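Enquirer: Chains V and B are the protein sequences, given in the same order.
For what it's worth, my numbering labels the leading residue of the first sequence as 1, then goes sequentially.
For what it's worth, my numbering labels the leading residue of the second sequence as 1001, then goes sequentially.
Treat the hints as calculated values from the structure; they're not laboratory data.
One or more of the hints may lead you astray.
As the list claims (entries may be wrong) - Keeping only pairs whose Cα atoms sit at most 27 Å apart, straight-line, the calculated DSSO-like set for lysine-lysine is:
#1 V:261 x V:338
#2 V:581 x B:1074
#3 V:554 x B:1397
#4 V:564 x B:1399
#5 B:1101 x B:1074
#6 V:354 x V:595
#7 V:398 x V:361
#8 V:564 x V:581
#9 V:290 x B:1192
#10 V:553 x B:1399
#11 B:1035 x B:1110
#12 V:450 x V:469
#13 B:1051 x V:581
#14 B:1332 x B:1208
#15 B:1397 x V:564
#16 V:338 x V:250
#17 V:515 x B:1399
#18 V:515 x B:1192
#19 V:224 x V:468
#20 V:469 x V:554
#21 V:554 x B:1192
#22 V:581 x B:1035
#23 B:1105 x V:581
#24 V:554 x B:1399
#25 V:624 x B:1110
#26 V:396 x V:360
#27 V:163 x V:335
#28 B:1046 x V:581
#29 V:133 x V:396
Quick caveat, the model's predicted, so the values are computed rather than measured.
Chain residues, written in single-letter form:
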Amino acid sequence: MNFIDNYQIIVVGGGHSGTEAAYASAKLGMSTLLLTISLDSIGLMPCNPSIGGPAKSHLVFEIDALGGLMGKIADRTSIQKKILNRSKGPAVYALRAQINRFLYSREIIKELENLPNLDIVQGEAKDILTNEKGEIIGISLATGLNYGAKSIILATGTYLSSKVIIGDFVKDSGPNELSNSKYLASSLHNLGIMTHPFKTGTPPRIHMDSLNIEDMEVQPGDSKGYTFGFEEIPGSLPQVDCYLTHTSDKTKKIIEDNIDKSPLYSGIITGVGPRYCPSIEDKVIRFPEKISHHLFIEPEGHDVKEVYLQGFSTSLPGDVQIQMVQSIKGLEAAKIMKLGYAIEYEVINATELKLTLESKKIPNLYFAGQINGTSGYEEAAAQGLIAGINAVQKLKGKDPVILGRSDGYIGVLIDDLVTKGTKEPYRMFTSRAEYRLLLRQSNADRRLTKLGYNIGLISNDRYSTFQKKIENIDIEVERLRNLTVDSTNEAVKDLIGRSNSSTLEQNLKAAALIKRPEMNYLDIARIYPPEQNISERESEEVELLIKYEGYIKKQIDQVENFSKGEKKMIPDWLEDYTVIKGLTREATEKLNEVKPLSIGQASRISGITPADIQVLLIYMEQIKRQETDNVQG
Amino acid sequence: MFKNYTIANIITPLIECGIGIIRISGNEAFVIIDKMFKAYSSSYIKKESHKVYLGTIHNENGDKLDEVLVLLLKGPNSFTGEDTVEIHCHGNPFILQEAMKVILKNGARKSEAGEFTRQAFLNGKLDLTQSEAILDTITANNQKALTLSLNQLEGSLKNKIGALKEDLISIIAYLEATIDFPDDEIEESYTKDVINSRINTLLDEINKLLASYNTGKIIKEGIMTVMIGRPNVGKSSLLNSLLNEDRAIITHLPGTTRDAIEEQINIGDLVLNIVDTAGFRETEDIIEKIGIKKTYEYINIAQLIIFLIDATQGLTREDQLMLEHLRKLDKKYIIVMNKMDLLDKEEFKSSSDTIFISAKNRIGLDELKNVIKELFIKDEIEDYCISNLRYYESLVKAKSALDMFQESLESQIVPADLLAIDLKDAYIALAAITGDDFTEDLLDNIFSKFCIGK
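I would like the entire structure built from these sequences, with the hints used as guidance.
Expert: Following this line, the structure appears as structure tokens:
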């Protein structure tokens, strides 16, 4: 085979998953090739122009804590920032940034172009090349060029054999008029990796000047300086507003009258779409009692006129879309720049993967992002990072990097995908994380930065700043636990009075005072200032660790309990579950498919009952006893 | 799955009666029966499942043991899910034991208690609640216990828990939807007051189930009853009178409560496990002292104390001391004045804790029974009352999580994400009874109730 070049790792796809994978790989010293269908569309945001939100923000913080790209680039290119769920508790505070999507893509390209060890090539991957032993040797392009590789990471997003659908118009295409990936799916099929269609969609884009924003509710940002990134560089772009408006009874009627033209209902679309991201026609049909649905106008940049109509995803025919859009309050004269569309694309079954995202069938072949059945930039980026790291670790002969469900949302995401698979495009929710009080965005660094440092993605400088931060927080929490508040102190009395708190009958510890709902850390720190300087983010974490101490402790206990199952490993020799007699056929099939690492993981496979787990445990115990008997006998 | 997992046992009581049945279950069951059974019909060679064959069984020397019916059941269409053979012999303990010897020699292992059910459970023929109910059925010693376990088997408990879970998850779904979809229009279907009243209802239901545990346990296991009194107040005659009422269902269980003799008596739906004790009195006799010490020990472990007093003698000093002792304890007791036949009966009226009877003449026994029933079964027993410790513990967990939730909700400061932790704990505790996936249940609920999405 004639290779143009030989790489250690080739990443296929330049979206949010592929770029993180390529970045990690090159950063960790591997000679890396990033292969993309369109060089200009690296880091493209083909759907909503925002990053973050509940659970997704947590993913971005974790990516950053491990040394990934997304957080800092989102900070740099944000045009509005907002903290969501402020009133709903420390576990679910979430940052969301509106992004100038053009600049985002540009900044990602800049980062990658300037990275040593990384080559970027425009071209469509055609075939995964293997030798007679079935080992990965490289990849061939549709143009006929071949590149050699030891490992390949596939991050094909929504491009794999994709088609765009608007009404009865169907076109083989990737998102945003980009070429799709025509050949790669059959290469996968030849390797024994099957695919099936998923579906998603996007709303129309409108020209800002054709809107009447007077009729809408302004949605400003509130946290310009708040960053995803640990390094807290907020970016310097002008900030913009979003707008809230509503569909009308007319919109509803237009949709109902034209529903027969929807490809969803006419049967053109067969792929499974996400329930949490339904098209507007889906919402109208499924919730007929709702006359009006709200939607948001989101700018695609501070210096562009194109705006995104969040909540109005549709694949109805173009003329119907125009009528629908113009029936919305404030959009009566709206000019559509791009029609909304549905897109169908091929995904694999993620239960084919190990927790490292490596294929179980083909060693050194990794899958990351939407090809694994997820949706969302953040979910994709998180997987790209983990696949990239693990591909490197394996080539370097190091231990795999696997995050557990109690380590981070990334752990929850990958464990869910690999253990349960997904029947619809998988999106992260905070409710998927059992231990979410411990998985706050505010402590992502404490959870993961040491790991990132050990892997080699976190610089020495950053690591020592991080250590200083953690130390600051811990010392301050300890100080407040021991500090006695003097009940006769005038400043204290004054504060208690102002806060409508109950009078102090006697001295008490500062921590106890902070635990009162009406009190906060900063007020107390003003009276009893700490020796060291405490930053705003540090003080947030200090307050939270004190106020929610009881709940945090409770979750730590739950994690300990949960870890028992995770630590009970299923031995390597147990490869074929059909030898275990008591299992139901369904359980045997599922266990053979997933090949769980631990009893804990096995118990999360859908369809595995407590009875199956018991059988499995009894079997493992039997074999263990037989072995001991043999040794003794 | 086990090397030797063909198990066998006699599954009918070892007493002289019409029929005795031996069950063999496991991969060797058909091989084992072949070695000892000669069928009259040649069609036996076909080994058709769910067919009965008449023939004879023999010991290893070829001597005929009995003429029997053999029922063949091929797995998985049998109770245990394994190949199963049932041999219907004549109900002679000797024959049954001889046949068992042959079966064990031929390679089966004698089953342990409940092992057939365990096999069925392991083979996926029963879920946890069902298999637990079957074990209850086997050990059921009265009609109510039997109905109870049969109901559990059909899932009435499962349905009840299911309804509680459904209520709970719709509240969680609301809280979680507001967290995960802050931009969406989540109708404020659950104000604080609504949530509070829904949780109160849930707690009521759980409390009812928990309360039913004691009833359920009492129904299943019987009431530990101790009969006390001075010597010769008529303890033995009362016991005999109660026993004579219903001879058929008395069992002697020697040794189960150390050296005492325990009698089982059915009173309607209840079973009393009665321990007769040595009479107490002030004494210097060492042996008697030991007996009296025992009496006090029994009182300590009893659930019901029947305190017999000789009505013709009134309260003696010893009686009074005992009464004071009883009153200090948090125990259910009944004072029974015996020998009322020797008194002018008209002037004595029984009250809720004092009953006048004549054990000898069987007067007042019904009244005594009614008082016992009232003491233990306050309400009509619900069909789904729980009798299983595992369920009980799960419900206790759910209850304490909900209590915690209400406390947090009341305090006004605990944010939604933390409130949800307690609700989720409660849900998971309930789901442990039936076995369900929390996240899937939750997301299904959110997406079916709220119109969500970008």
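Enquirer: Hint by hint, say whether it matches the structure.
Expert: Status of the hints after comparison with the structure:
1. Restraint check for residue 261 (chain V) and residue 338 (chain V): the C-alpha separation of about 19 Å stays at or below 27 Å, so the hint holds.
2. Between residue 581 (chain V) and residue 1074 (chain B), the direct Cα distance comes to roughly 16 Å. Compliance with the 27 Å bound is thereby established for this hinted pair.
3. A C-alpha spacing of about 14 Å is found between residue 554 (chain V) and residue 1397 (chain B), which places the hinted pair at or below 27 Å, so the restraint holds.
4. With a CA separation close to 25 Å, the supplied pair residue 564 (chain V) and residue 1399 (chain B) stays within the 27 Å bound.
5. Distance hint between residue 1101 (chain B) and residue 1074 (chain B) is fulfilled; the C-alpha atoms sit about 23 Å from each other, no more than 27 Å.
6. Taking the CA atoms of residue 354 (chain V) and residue 595 (chain V), the gap is about 9 Å. The hint holds against a cut of 27 Å.
7. Annotation: proposed proximity of residue 398 (chain V) to residue 361 (chain V) holds, straight-line Cα distance about 21 Å (limit 27 Å).
8. A C-alpha spacing of about 25 Å is found between residue 564 (chain V) and residue 581 (chain V), which places the hinted pair at or below 27 Å, so the restraint holds.
9. With a CA separation close to 24 Å, the supplied pair residue 290 (chain V) and residue 1192 (chain B) stays within the 27 Å bound.
10. In summary, the hint linking residue 553 (chain V) to residue 1399 (chain B) is supported, as the alpha carbons are separated by about 20 Å, within the 27 Å threshold.
11. Between residue 1035 (chain B) and residue 1110 (chain B) the alpha-carbon distance is near 17 Å, which keeps this suggested pair within the 27 Å criterion.
12. Of the pairs offered as hints, the one joining residue 450 (chain V) and residue 469 (chain V) holds, with about 13 Å between alpha carbons and a cut-off of 27 Å not exceeded.
13. Restraint check for residue 1051 (chain B) and residue 581 (chain V): satisfied, since their Cα atoms lie roughly 26 Å apart, inside the 27 Å limit.
14. Among the hinted pairs, residue 1332 (chain B) with residue 1208 (chain B) is consistent with the structure: their alpha-carbon atoms are about 21 Å apart, no more than 27 Å.
15. Using a Cα cut-off of 27 Å, the hinted pair residue 1397 (chain B) and residue 564 (chain V) holds, with the two alpha carbons roughly 20 Å apart.
16. With a C-alpha separation of about 22 Å, the suggested pair residue 338 (chain V) and residue 250 (chain V) falls inside the 27 Å cut-off, and the hint holds.
17. Restraint check: the Cα-Cα separation between residue 515 (chain V) and residue 1399 (chain B) comes to about 26 Å, which is no more than 27 Å; the hinted pair holds.
18. For a cut-off of 27 Å, the pair hint linking residue 515 (chain V) to residue 1192 (chain B) stands: about 23 Å separates their Cα positions.
19. As the CA atoms of residue 224 (chain V) and residue 468 (chain V) are separated by approximately 25 Å, the hinted pair is consistent with the 27 Å bound.
20. Proximity of residue 469 (chain V) to residue 554 (chain V) is assessed by CA-CA distance (about 25 Å); at most 27 Å being required, the pair is judged to hold.
21. The suggested pairing of residue 554 (chain V) with residue 1192 (chain B) holds, with an alpha-carbon distance near 24 Å, which does not exceed 27 Å.
22. Proposed proximity of residue 581 (chain V) and residue 1035 (chain B) is supported: the alpha carbons are some 25 Å apart, at most 27 Å.
23. Among the hinted pairs, residue 1105 (chain B) with residue 581 (chain V) is consistent with the structure: their alpha-carbon atoms are about 24 Å apart, no more than 27 Å.
24. A C-alpha spacing of about 17 Å is found between residue 554 (chain V) and residue 1399 (chain B), which places the hinted pair at or below 27 Å, so the restraint holds.
25. For the suggested pair residue 624 (chain V) and residue 1110 (chain B), the alpha carbons sit about 24 Å apart, so the restraint of at most 27 Å is met.
26. Of the pairs offered as hints, the one joining residue 396 (chain V) and residue 360 (chain V) holds, with about 19 Å between alpha carbons and a cut-off of 27 Å not exceeded.
27. With a CA separation close to 25 Å, the supplied pair residue 163 (chain V) and residue 335 (chain V) stays within the 27 Å bound.
28. Distance restraint check for residue 1046 (chain B) and residue 581 (chain V): the Cα-Cα separation of roughly 26 Å lies within the 27 Å cut-off, and the hinted pair is therefore satisfied.
29. Between residue 133 (chain V) and residue 396 (chain V) the alpha-carbon distance is near 21 Å, which keeps this suggested pair within the 27 Å criterion.
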